[in-house]
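Engineer: What follows is each chain in one-letter form.
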Amino acid sequence: MPVTQSAAPLRVIIADDAVLLREGLSRLLTEAGLEVAGTAADAVQLLHLADALRPDVVLADIRMPPTQTTEGLRAAVQIRRQWPGTAVVVLSQHVETEHLFELLADDPRGVGYVLKERVADVAQFAGAIRRVAAGESVIDPQVVARLVARPRRDSPLQSLTDRELAVLARMAEGRSNHAIASQLHMSAKTVETHIGSMLAKLGLPPAPEDHRRVLAVLTYLRS
Amino acid sequence: MSRRTRAILIAGLVAVTAFSVVAFYVNGWAEPPGPAIYVITPTLVLLAYLLVGLIAWQRRPAERIGLLFTIVGYAWFLPALTRLHDPLPFTVGVVTGSLYQASLAHLALAWPYGRLRSRLDRAVVAANYAWNIGNNIVQMLFWNPRTNGCGPACPANLLLVHSSARLYSTVGTVASVVGIGLTVLIVVLIAWHWRSARGYARRAMTSLVWVALPIGAYVTIVETPSNLGLSPMITQGICPLILIAAPAAYAIGMARTNSARRAVGAALVSLEPGPPPGRLRDALAAALGDPALQLAFRVPGQSRYLDTSEQAVDPARLAAGRMLTALDPAGDAVLIHHEELRHEPDLVKVTVTAAVLALEHSRLQAEVEAQLEQVRASRARIVQAGDAARRKLERDLHDGAQQRLVTLSLALGLARSRAADADPELVALIESAGKEAQEALVELRELARGIHPAVLTETGLAGGIQALVERSPVATTITAVPAGRFPAAIEATAYFVVSEALANVAKHALARSARVTIQELPGRLLVQVSDDGAGGARPEGGSGLRGLADRVASVGGTLLIDSPPGCGTRLEADLPCL
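Protein chains in written order, with the working numbering: chain Y, 1 to 223; chain V, 1001 to 1578.
Extracted from the complex, chain Y is given alone in its bound form (with noise of 0.2 Å):
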């Protein structure tokens, strides 16, 4: 499988409480092509590694000890917060929202909110971690699938098109024009274009920087 190779590989953390899926992460991630710097079993030496170690990503599993409910995830907050430099990937085992948004309220740039399961597909995940490292957010489709396929009454959202709920779900999972044009083959012209009558129909502001995007439609499709 072909791997962007760019001057210097991207640097990563690697937080789980679990040694097995550490070290498969660690190999995953190594041949993707990315550097892993550290590994910790717990929020506490993460924060540490992050500290001393300043990697481009971070990888936190939401779950870890000791009280194993959301220590990952207020690592990764903490982790945005004093370090702008270093972009956070959040794994967990559950499709819903309340973590997601409690992660996306600060910033949601270089920020990413991934089942666990994606590690699966390795070409998959390894761009997901490229992508925040770029300063996108990445949200499961999973998550933006269940979102989208709420049931719901006098919304606007039933007067759009298969088509439209297609290029809706791709900019809640965080993707720019671009990559939404090439995935759905369109031009990018189409995409902006649906967009565009997509905002004005839901009554959301035309706003041009996709993490303001994000969590517009998010949000949107939350409520």
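Everything labelled a hint here was simulated from the structure, so no lab data went into it. Yeah, the Cβ is synthetic: ideal placement off N, Cα and C, and Gly gets one too.
As a list, the in silico SDA-like pairs of lysine to any residue whose alpha-carbon atoms are at most 25 Å apart:
hint, chain 1, residue 1, chain 2, residue 2
1, V, 1435, Y, 169
2, V, 1507, Y, 154
3, V, 1435, Y, 121
4, V, 1392, Y, 115
Computed Cβ-Cβ distance ranges for the label pairs, DEER-style:
hint, chain 1, residue 1, chain 2, residue 2, range
5, V, 1536, Y, 19, 55 to 63 Å
6, Y, 81, V, 1487, 30 to 38 Å
7, Y, 192, V, 1560, 48 to 56 Å
Starting from the structure of chain Y, add chain V where the hints point.
Structural biologist: Okay, now just chain V, sitting in the frame of chain Y:
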């Protein structure tokens, strides 16, 4: 009183009555019979005393009052002996002519229980008897009935020593003065008894005071030599009726005791079931006319007693005039009442029975409440233990099977990328295994969420309810949900209420939309789920609502289902939240 005694008394009553009537008409020596009232009035008086005496003896066998009434009755009858045409009964009849006054005084001073209270009383009563008989005997020494007021046909006076009208009259005057003096003394003593009487006895003494005044007046009139110039028709025909006041007053008093018994019963009926002991005490105190009544309980494991106002009570050192009645064989509960009540055994029995019933009721009620409280607490513990077990199961799944499946997926992913250039069949196999692992993960995630929603534990109701609403197959909006955290049992209950309600909406309601509102009110959490569907949901319909009501009750809340057919369903859980 035995049946034999009673029979003898009744026979005596009949005989004496018959005798006084017959003797009046069949007299061999006096003038022709006077007006019938001369016999009717004394007979009525006699009957009144004997009857009330008999009844009192029957009703209060332990009291001597019945005996005293009987004695007065017979004493009243004795003068009738003079009508027998024979010197002995004639003499006896005259000597005992005013004996009834002495026994009346005895009755009055022993009122209302037939017992003389003090040495002074006993002395006065004894003196009265002695004087009464004595002065008659002295007068008889000088009285010749045939020459002085009785006529030649009169039987002989067996005691006559020296016939002298002057001496007879002088002794008579002295006797009158002393007799009146004694009467006044007795009235004063009665008044004194009345003043010192308390509680229940006071009522009985009050009625005596009202009776003693006219009777005292009557006796005074009879004692004066010329009867104040009143005609015999008044002094012998009408005035003796006054004497009936005493047995009448006593009979009324007995009736009042019955009404006191009824008052005890009524007081208890008026109380709420299982009254607090303080209220019971108040009711009994009012019914018995004893404001100082105390209801006291032994302090468990000690010999001390505390009454209903938490005052210490020492059974060995009661205040003067108070006495103690145990309410149970062990003496753990006692009633401290006026000692006059001792003379009313029936009333005490009724009171004790009533108090024991009321206390037993309270005890049983308290016991049932305590048991209910225990059951409530154990139910809450069972539900909480179930919740804890589910939380643990979910965590075990997350940290175990789910984690391993993720690792497996990862390994398969790695294998897939390594095998990229190898056998296409192998690649297909690896991909297929990876897909299986992915699907297993999805299923396992939903299973774990169903066992216990981790998002609820981690983020509280806001996240938990949001997750439910996002999954609901019916368009559902959240009107309000508090952001704060609540006790785990309350959060879990609220979550399950919404979860079950939304599941019902999807399954049964044919609804187009639903609405979830959770409000935090002072001390409670109000959870409402409503839809615009078909309505007609019933808790007994086996739709899981029954189990939900149990779950809500386990935290002490209430579940209300309003589901009129055709008008949607509104489910409201009111959860206490302290």
